[in-house]
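Residue numbers (my numbering), protein chains in the order written: chain A, 1 to 345; chain B, 1001 to 1291.
The hints are simulated quantities; they were obtained by calculation from the structure and are not laboratory data.
Mixed in with the good hints there might be a few duds.
Derived lysine to aspartate or glutamate pairs resembling EDC-like cross-links, with alpha carbons at most 16 angstroms apart [unchecked claim]:
1) A/Lys76 with B/Glu1285
2) B/Lys1196 with A/Glu167
3) B/Lys1196 with A/Asp80
4) B/Lys1034 with A/Asp80
5) A/Lys76 with B/Glu1133
6) A/Lys76 with B/Asp1198
7) A/Lys76 with B/Glu1257
8) B/Lys1196 with A/Asp33
Derived, one-sided and incomplete: chain B residues facing chain A with beta-carbon distance under 10 angstroms [as the list claims (entries may be wrong)]:
9) Val1062
10) Val1125
11) Glu1229
Quantities reported herein were computed from a predicted structural model and do not represent experimental measurements.
Here a beta-carbon is modelled for each residue, glycine too, at the ideal position from N, C-alpha and C.
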Amino acid sequence: MIPAAPPARALDAPSFSASRFRAEREADWIAFDLLLTKLEKKGAKALTSDELLQLPLLYRATLSSLSIARATSLDKALLDHLEALSIRGYFLVYGVRETRWSRIRRFFLYDWPAAVRSVWKETIIISLIILLGAITSYSLVASNPEWYYNFVGEDMAGGRDPRATKEFLQSTLGHGKAAGEGESGLHVFATYLFTHNSRVSILSFALGFAFGVPTMMLEYYQGIGLGAMMAVFTGKGLGFDFGGWLFIHGTTELFAAALSGAAGLRIGAAVVFPGARSRLQAASHAGRTAGKVMIGVILMLFMAGLLEGFGRQLITDTMLRYGIGTLMLLFWIGYYYLPRREDVT
Amino acid sequence: MNATAAQANAKSRAARAKKVRQFITPEGVDLELKIASSGLRFGALLVDLILIVLALFLFSLVMLWIGFASQSDITIVVWMLGAFVLRTFWFVGFELGSRAATPGKRLMGIRVVARDGGRLTADTVVARNLIRELELFLPLMMVGVGAAEDAVSGWTMLAGVLWSLTLSLFLLFNRDRMRMGDLIAGTWVVMAQRVKLDADIATDAAGDAMLFSEAELSVYGIFELQELERVLRSKDARAMREVADTIRAKIGRAIAEEDDVFLLSYYRQLKARLERKLLFGKRREDKYASD
């Protein structure tokens, strides 16, 4: 308790003085500061069990000091120090995380598929939008090939337009002479595809907050390009081969594209229809789910890049391409949508 | 004149209070987090961008050197992947660390915090930083698209840039200085400076050299006390002379002792007086408030 005060002069410090308070508690603060620094630099593993036991005690002592100091002391330096120390301590003590390994394990086993499952409505909507885009441009180009030039840019088409010969089109699918050339550049190509597609997906996700409208437009546009190409190849009787060329990586890539759009749409929908929660709460809740989906999307696109860069260039048999594409699709669907035990608990 | 000065003081106090957000720990203590200003945020971003460019440049040099030495194009792959990872995960990686701050943020003394007081999870950090991609590059893209296509008139381009800038500068338009990404991830950026524990100047032996009367001590409040503390801690002789002269003039004392002895005595006794009042529930904010 408060020690007995010496007889005070008229203007002397009161028996409870801020200086005495500080002298009594200072050792705790210094110990807490040192412990926090160690924790920040080396992680929880570096602490001995004694230090771990000390941590919450020192944290509470510091918080209580802060409360007392606020009520009794006018020493700005002391108040600022205690405040900063308490904030630092709070986030380290309450922000205790799992080990990195268990976090990764939980993400792959549970969090990722659960997040994807929870945006199933948005996924269906975005898939339909892509499909709608593809059907629109397919029917337009099939009835009048001139439309093609409106849908697919010159640089993207690379000569694959309605004027091209069947032989040329076939060669672009990896069935002609062109198949063998430039095998050394495959990994560069795959990497380029991965980084490019990732950025498009991130954009389509990030645009979601504008009520999801730009996201849907972007996905519709993706479908448009697809349908137009399809129409050109089908017109030359290469529809089946083109399907295989697309299918081997497309199931993964388009799935990822649909998921990134779905993540964006989820945020947009949360902002427009927050339900019982406040708009801010709804947005942040949706943002967390969408964030998980997006980590998965980037991983999927990495796979798609590998399949497109290596798989498609090295495997030229159409049936095999269909087989691999179907297998990948089944794998993703099974991984995401098969119910698992954690769902119950 | 006094009235306006008092108003100005009250105003600056109110402005400071506006930045403080209640943040109550499970122990029931309000940590009073302070929202980081937009200037600090921009400074942190600038530092990070410079560091990223620098890292990218060094990385490119190394890769170029290895590429020439080995004559293999695998280095292009490594370079492309490395650049992508660096760009996308620089912010994510650092903010997932125990200090929840990129090097730029650390330098500015700020950190990311979950708004609900919970822990900062990976999905939160990813969400807030993927949006950054849009905020940073959409205005640039608008300019790029406008410049590339002659069909787009200057006015259309300007409208596009302005539209995207409102997204990028979203944090200027709300009280909590939230970026679009903060809004969606449910985070805040708050002050997290480290403050060294300075020596307790009130226990100094020199503090009892002279005694002041109650009337002499009653002219100042907490604001002045803490300004005096700042001057004493900075140990700047000229500032101390100026402050000492002001106080002497105010309380009507002749110059008789050294400035630092005078100030320290005055500080100590003023602090003791104000703290005693504080214990009795009377908090006198500044000299304009009633005693």
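Verification of the hints:
no.: 1; hint: A/Lys76 with B/Glu1285; in the structure: 13 angstroms, holds
no.: 2; hint: B/Lys1196 with A/Glu167; in the structure: 75 angstroms, violated
no.: 3; hint: B/Lys1196 with A/Asp80; in the structure: 9 angstroms, holds
no.: 4; hint: B/Lys1034 with A/Asp80; in the structure: 12 angstroms, holds
no.: 5; hint: A/Lys76 with B/Glu1133; in the structure: 40 angstroms, violated
no.: 6; hint: A/Lys76 with B/Asp1198; in the structure: 10 angstroms, holds
no.: 7; hint: A/Lys76 with B/Glu1257; in the structure: 26 angstroms, violated
no.: 8; hint: B/Lys1196 with A/Asp33; in the structure: 10 angstroms, holds
no.: 9; hint: Val1062; in the structure: 17 angstroms, violated
no.: 10; hint: Val1125; in the structure: 8 angstroms, holds
no.: 11; hint: Glu1229; in the structure: 5 angstroms, holds
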